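Protein chains: 2
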Amino acid sequence: MATAQEARLLSRQNKLSNTAGIAPGYLQANLLVLPATYATDFHDLCLRNPVPCPLLGMSANPGDTATMRPPCIRSADFDIRTDFPKYRVYAGGHFIESRQDLLDVWTDDHVAFLIGCSFSFEDALTAAGLPPRHQKTGTLVAMYRSNIPLLPAGIFTGGNCIVSMRPYHPEDIERVRNITREYRLTHGEPVAWGWEGAKQLGIGDVTKPDFGEPQEFQEGEVPVFWACGVTPQMAVEAAGEKIEGLVFAHEPGHMLVTDWTAEELQGAK
Amino acid sequence: MATAQEARLLSRQNKLSNTAGIAPGYLQANLLVLPATYATDFHDLCLRNPVPCPLLGMSANPGDTATMRPPCIRSADFDIRTDFPKYRVYAGGHFIESRQDLLDVWTDDHVAFLIGCSFSFEDALTAAGLPPRHQKTGTLVAMYRSNIPLLPAGIFTGGNCIVSMRPYHPEDIERVRNITREYRLTHGEPVAWGWEGAKQLGIGDVTKPDFGEPQEFQEGEVPVFWACGVTPQMAVEAAGEKIEGLVFAHEPGHMLVTDWTAEELQGAK
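Sequence order for the protein chains is Y and S. Residue numbering for the first sequence follows our numbering, beginning at 1 and increasing consecutively. Residue numbering for the second sequence follows our numbering, beginning at 1 and increasing consecutively.
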């Protein structure tokens, strides 16, 4: 348990990793940071793919590390280069390293985008007696590459949707769908469910996630899949050499806790 | 050539069919009409799939045949039951008939949705020296069922995206993408292009469209595909018996001409 600001300060001090269940009630965010020349195309990509890439906020100006618009961070003591628990760096479409902060790689030309995270609706699921398995086991949510294509925008003309997975009993799926539907800024209702749904997404083996950790299935449970904010990293991979300069992202499962609550955001809850 | 109101009155009198190239500069709209109980789910479907289903407007109230919100129709002399050139009727997920109007099937419980149409950016393509082939040949635009899945919303848990196709030379595609990108309320930039793009969409034979008419290819031309507002009809087909009562739609290619121009709509042009 922590407030949003406490969670960000713990992240800055590298005392937090997996943010699932941290600071209940506050929306959590994925990150993508690009050189400014690609910001318009990335903004378009979000507008055209709002389920995997729901835009919560972006840098007020290129190079600005403290102010996001709209103001999903209210504290004056904020630094986008340190307040995620962990970061990833891409060059030429390739992941090159994980880092604790972006202090010595960030430039005045970088623009940050915050994308809603499905951790944001997990408190509501727990309150309804439907807690996500990875919160009970203290593991990272399982994430997979799916075959749902991202619809192109500018230089971003490839890449598929990443999905997160939580196991549920088939008889609970309609409740799970109804609870998460209202969280439109943090991926909303599932994109597929059941073993047939896994097959439709092209996921052959749920025990082998592409990001995060495998999840235990109890007798009779089936996978339920939501779009995931790691998806922009797939668009960056697909863009490859078309992007000059370094691109930054969060480490999957290691999110920013924002000051927005689900309740106050019309359309987000 | 006609003004928007003239085009609607000609449609009401059944003197208009294919609306491509009619009333240049005005946004054109696809139609879906549902019993009110399904309106929220369909609205969600549009928000989650804004490229195939960009929402231009909807009935101000169930049963209202004259007033759309936002006000994309400004004339007091408007009737959604007559002012499209041609309509389709669905029952239990099946297409059952084409009609010239909806006067004796519309009920006080029906809610109409207007979805942006790609005819809206064809004037801009023509002005740039890139006129769509079907306008030059006086044919209906070619439309195909693709393998891009609609992301589920409520009772709408199936169906794929329909795409419209216009042939262009490969060297013109970046200009075509740039011109259409700004028309975000009428499908925006293409979703795929080239023979490889056709294969990615699962379209094996472009000479056999699922709706509209085949288009001539000149030497060296390749297909360019945009999302299409016939897509909601695929969601209705997939929902099948889950929908009780009649559903109405427009006949593909036979659109409503609205009073909105591309220029006045921020984000639509």
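If you are wondering where the hints come from, they were derived from the structure by calculation, not from laboratory data. Just to be clear, a hint being listed does not mean it is correct.
[To be verified] Listed next, the in silico SDA-like pairs over lysine to any residue satisfying Cα-Cα at most 25 Å (straight line):
id, chain 1, residue 1, chain 2, residue 2
1, Y, Lys-199, S, Gly-240
2, Y, Lys-199, S, Lys-242
3, Y, Lys-242, S, Gly-63
4, S, Lys-199, Y, Arg-175
5, Y, Lys-199, S, His-169
6, Y, Lys-242, S, Gly-194
7, S, Lys-242, Y, Lys-86
8, Y, Lys-242, S, Gly-240
9, S, Lys-242, Y, Arg-175
10, Y, Lys-242, S, Lys-242
11, S, Lys-199, Y, Glu-196
12, Y, Lys-242, Y, Thr-261
13, Y, Lys-242, S, Glu-182
[Unchecked claim] Distance ranges between label pairs, derived from CB positions:
id, chain 1, residue 1, chain 2, residue 2, range
14, Y, His-169, S, Pro-71, 44 to 52 Å
15, S, Pro-170, Y, Gly-92, 37 to 45 Å
16, Y, Thr-37, S, Ala-127, 39 to 47 Å
17, Y, Gly-158, S, Thr-261, 17 to 25 Å
18, Y, Thr-37, S, Lys-199, 30 to 38 Å
19, S, Thr-261, Y, Leu-103, 43 to 51 Å
If you're wondering where the values come from, they're calculated on a predicted model, not measured in any experiment. All residues carry an ideal CB built from backbone N, CA and C; glycine is no exception.
Review point. Which numbered hints does this structure break?
Key: 3, 4, 5, 7, 8, 10, 12, 15, 16, 17
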